[in-house]
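Novice: Read off the chains here:
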Amino acid sequence: MRPLGDIEARIDQLGGATNPAADPAAAARELLGLGEDVLEHWIAARGGTPTAARREGFRLLALHRQGAKGEPSFNACRETCRELVYHHNLITMDPGHPDTAARLAMAALVANHLYLFVSGKMEVEQLGEFCCSSRPLHANMS
Amino acid sequence: MEERYKKVAYYPGCALEGSGHAYNRSTKAVGEKLGLDLVEVKNWNCCGAMEVKNIDPKLQTYLSSRVMSIAAKEMGFDTVMAPCNGCYHNLKKAEYDLANDPDSVEVVDRLSKKAGHETYEAGEIETIHALDWIKQAIGEDGIRARLENSLKNLKVANYYGCMYTRPRHIFPEKDQGPDSESTTQPHFMDDLLAAAGAEIVDFPLKTSCCGGAHTLSDSDTSTKLVLNLLRAAEASGADVIATECPTCHSGLEMHQVRAEKRFGVKTSVKILYFTQLLGLALGLKPKKVGVHENISDSMAFVKEKGLA
Numbered sequence: 001m002r003p004l005g006d007i008e009a010r011i012d013q014l015g016g017a018t019n020p021a022a023d024p025a026a027a028a029r030e031l032l033g034l035g036e037d038v039l040e041h042w043i044a045a046r047g048g049t050p051t052a053a054r055r056e057g058f059r060l061l062a063l064h065r066q067g068a069k070g071e072p073s074f075n076a077c078r079e080t081c082r083e084l085v086y087h088h089n090l091i092t093m094d095p096g097h098p099d100t101a102a103r104l105a106m107a108a109l110v111a112n113h114l115y116l117f118v119s120g121k122m123e124v125e126q127l128g129e130f131c132c133s134s135r136p137l138h139a140n141m142s
Numbered sequence: 001m002e003e004r005y006k007k008v009a010y011y012p013g014c015a016l017e018g019s020g021h022a023y024n025r026s027t028k029a030v031g032e033k034l035g036l037d038l039v040e041v042k043n044w045n046c047c048g049a050m051e052v053k054n055i056d057p058k059l060q061t062y063l064s065s066r067v068m069s070i071a072a073k074e075m076g077f078d079t080v081m082a083p084c085n086g087c088y089h090n091l092k093k094a095e096y097d098l099a100n101d102p103d104s105v106e107v108v109d110r111l112s113k114k115a116g117h118e119t120y121e122a123g124e125i126e127t128i129h130a131l132d133w134i135k136q137a138i139g140e141d142g143i144r145a146r147l148e149n150s151l152k153n154l155k156v157a158n159y160y161g162c163m164y165t166r167p168r169h170i171f172p173e174k175d176q177g178p179d180s181e182s183t184t185q186p187h188f189m190d191d192l193l194a195a196a197g198a199e200i201v202d203f204p205l206k207t208s209c210c211g212g213a214h215t216l217s218d219s220d221t222s223t224k225l226v227l228n229l230l231r232a233a234e235a236s237g238a239d240v241i242a243t244e245c246p247t248c249h250s251g252l253e254m255h256q257v258r259a260e261k262r263f264g265v266k267t268s269v270k271i272l273y274f275t276q277l278l279g280l281a282l283g284l285k286p287k288k289v290g291v292h293e294n295i296s297d298s299m300a301f302v303k304e305k306g307l308a
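Protein chains in written order, with this note's numbering: chain A, 1 to 142; chain B, 1 to 308.
Honestly, the hints are just simulated from the structure, not real lab data. It should be emphasised that the depicted structure is a prediction, and the values quoted were computed from it without experimental measurement. All C-beta atoms in this analysis are idealised placements derived from N, C-alpha and C, irrespective of residue type, glycine included. Hints are supplied without guarantee of correctness; some may be wrong.
[Unchecked claim] Chain B is nowhere near these chain A residues, computed Cβ spacing over 12 Å in every case:
1) 1
2) 13
3) 26
4) 36
5) 37
6) 48
7) 58
8) 59
9) 62
10) 78
11) 79
12) 82
13) 83
14) 95
15) 103
16) 116
[Said to hold, decoys possible] Computed far set for chain B versus chain A, every beta-carbon distance over 10 Å:
17) 3
18) 35
19) 150
20) 162
21) 184
22) 224
23) 239
24) 254
25) 308
[Said to hold, decoys possible] Which chain B residues face chain A? A few, computed with CB under 10 Å, are given here:
26) 18
27) 21
28) 76
29) 207
30) 225
31) 235
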């Protein structure tokens with residue numbers, strides 16, 4: 001797996017406004033892949049094998065579902081994953097659109113948020129638990 | 001419109017008496033301006049917030065149930081409004097626990113008897129957020145009809161945070177069709193501020209984590225998460241982020257300052273409670289809605305935008 005620090009650096013590079021991607025569709029696909037890399041880290045750190053399956057056509061969404069299994073607070077990044085897919089679709093379906101550079105910059109910010117949330121949660125596991133509070137809810141609902 | 005929301009029990013919660021004072025002030029001011037009655041819950045207590053909940057979730061359920069018990073049984077209300085996402089979330093969670101978990105019912109009954117008040121039972125009161133309150137009691141047409149100072153010069157990114165919609169099963173009234181709130185793409189704040197004239201920008205991180213729970217234990221992660229939200233808001237073209245949670249709001253303001261000191265990254269997007277923006281649109285003065293009480297100084301900004 002690509003080290004987390006490298007993922008962060010690459011996301012930053014792809015989102016750099018001063019360095020617009022020559023091939024925005026490729027950059028969008030790479031950002032999606034970097035999101036998958038982030039989720040792979042989370043799943044592997046918890047002893048799992050990252051799935052190769054797809055959900056709604058995207059491995060990122062399948063990985064998120066896998067990562068949230070038994071860890072409902074992980075749903076705090078569910079919409080972030082979906083937004084990354086949405087921005088990927090916007091860019092790859094119409095790479096010549098006048099807003100593509102802005103969309104790519106936003107996709108990088110979304111990917112960065114996913115990276116920050118997951119890497120932060122790997123440092124301090126409870127990140128997001130107050131917010132979702134799902135673990136205590138379910139832990140006491142046997 | 002929901003007539004019963006025109007007079008509701010008001011549960012400000014601890015944050016609104018401290019760091020979220022401006023939210024308390026602006027919520028009350030907007031309610032008064034709109035002719036809505038807020039009757040504060042008598043002798044209310046902490047909802048259990050994160051401190052109690054993470055150690056003993058059933059004790060949190062009891063603490064939240066006590067607030068609902070007083071509002072419903074002692075004060076006779078059928079609706080309690082909590083503007084703080086944490087309080088709103090915890091009261092909803094308690095409601096869910098008491099409807100679905102016999103152990104929670106037993107604990108709440110035992111503690112209520114010990115504390116000397118009637119035991120709250122699920123379904124005796126409805127908990128709503130300040131967004132539900134204004135959206136359902138007044139609505140967009142009502143806002144438009146009362147508009148004195150359009151927000152037309154403002155580009156707003158609405159930030160809902162993570163507690164307003166998650167986990168979705170404690171919000172059974174949401175995702176019930178076009179007039180209800182969405183747990184995946186919340187829009188009540190968008191609707192109200194658009195009715196007040198603001199241009200609402202697409203903000204893809206509107207429900208993403210602000211790292212609020214780890215401001216003290218992992219400050220750098222919190223700062224980086226907030227900085228990313230601020231940069232995304234600016235990239236979306238917003239000149240102001242509207243908030244509806246005192247924890248998110250304080251975090252955005254404080255980490256905006258910290259991001260500059262710690263990482264040397266300055267962002268200029270303003271951060272205001274949605275009730276402050278609505279109040280300004282309804283013709284209230286900035287001080288009446290507590291703009292001067294925010295950490296980040298937005299007084300010059302609201303004047304520049306013709307809102308003062």
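Novice: Does each hint hold? Answer for all of them.
Specialist: Hint by hint, here is what the structure shows:
Against chain B, the non-interface label of residue 1/A holds: every CB pair exceeds 12 Å, the least being about 21 Å. Residue placement check: residue 13/A keeps its beta carbon more than 12 Å from all beta carbons of chain B (closest about 15 Å). Non-interface status of residue 26/A relative to chain B is upheld: no Cβ of that chain comes within 12 Å, the nearest being about 21 Å off. With a minimum CB-CB distance of about 18 Å to chain B, residue 36/A clears the 12 Å threshold, and the non-interface call stands.
Every CB of chain B lies more than 12 Å from the CB of residue 37/A, the least distance being 18 Å, so the non-interface label holds. The Cβ of residue 48/A sits about 22 Å from the closest Cβ of chain B, beyond the 12 Å cut-off, so the non-interface label holds. The Cβ of residue 58/A lies farther than 12 Å from every Cβ of chain B, with a closest approach of about 16 Å, so its non-interface assignment holds. With a closest Cβ-Cβ approach of about 20 Å to chain B, residue 59/A is found to remain outside the 12 Å limit, as its non-interface label requires.
At the 12 Å boundary, the C-beta of residue 62/A stays outside the reach of chain B, the nearest C-beta of that chain being 18 Å off. A cut-off of 12 Å between C-beta atoms contradicts the statement that residue 78/A is not in contact with chain B; the least separation is 8 Å. With a least CB separation of 5 Å from chain B, residue 79/A falls inside the 12 Å interface cut-off, contrary to its annotation. A beta-carbon of chain B comes within 12 Å of the beta-carbon of residue 82/A; the shortest separation is about 8 Å.
For residue 83/A, the non-interface assignment is contradicted: its Cβ lies about 4 Å from the closest Cβ of chain B, within the 12 Å cut-off. At the 12 Å boundary, the C-beta of residue 95/A stays outside the reach of chain B, the nearest C-beta of that chain being 19 Å off. At roughly 10 Å, the least C-beta separation between residue 103/A and chain B is not larger than 12 Å, which violates its mark as non-interface. Distance check on residue 116/A: its Cβ comes as close as 5 Å (rounded) to a Cβ of chain B, failing to clear the 12 Å threshold; non-interface status is violated.
The claim that residue 3/B is not at the interface with chain A holds, since no C-beta of that chain comes within 10 Å of its own (minimum 32 Å). Distance check on residue 35/B: its Cβ is at least 34 Å (rounded) from any Cβ of chain A, clearing the 10 Å threshold; non-interface status holds. The claim that residue 150/B is not at the interface with chain A holds, since no C-beta of that chain comes within 10 Å of its own (minimum 27 Å). For residue 162/B, the requirement that its beta carbon stay farther than 10 Å from each beta carbon of chain A is not met, with the minimum near 4 Å.
Under the 10 Å C-beta cut-off, the non-interface status given to residue 184/B relative to chain A is violated; the minimum distance is some 6 Å. With a least CB separation of 5 Å from chain A, residue 224/B falls inside the 10 Å interface cut-off, contrary to its annotation. With 10 Å as the threshold on Cβ separation, the claim that residue 239/B sits away from chain A holds: the shortest Cβ distance comes to roughly 16 Å. Distance check on residue 254/B: its Cβ is at least 17 Å (rounded) from any Cβ of chain A, clearing the 10 Å threshold; non-interface status holds.
No Cβ of chain A approaches the Cβ of residue 308/B within 10 Å, the least distance being about 32 Å, so the stated non-interface status holds. Look at residue 18/B: its Cβ only gets to about 17 Å from chain A, farther than 10 Å, so that hint breaks. At its closest, the beta carbon of residue 21/B sits 22 Å from a beta carbon of chain A; the interface hint therefore is violated under the 10 Å criterion. Given hint, residue 76/B at the interface with chain A, is violated; its Cβ is 29 Å from that chain's nearest Cβ, farther than 10 Å.
The criterion of a C-beta within 10 Å of any C-beta in chain A is met by residue 207/B, whose closest approach is roughly 5 Å, and the hint holds. Hint on residue 225/B holds. Least Cβ distance to chain A is approximately 5 Å, under the 10 Å limit. Interface hint status for residue 235/B: upheld, as the beta-carbon distance to the closest one in chain A is roughly 6 Å, under 10 Å.
The structure fails hints 10, 11, 12, 13, 15, 16, 20, 21, 22, 26, 27 and 28 (numbered hints given earlier, in ascending order).
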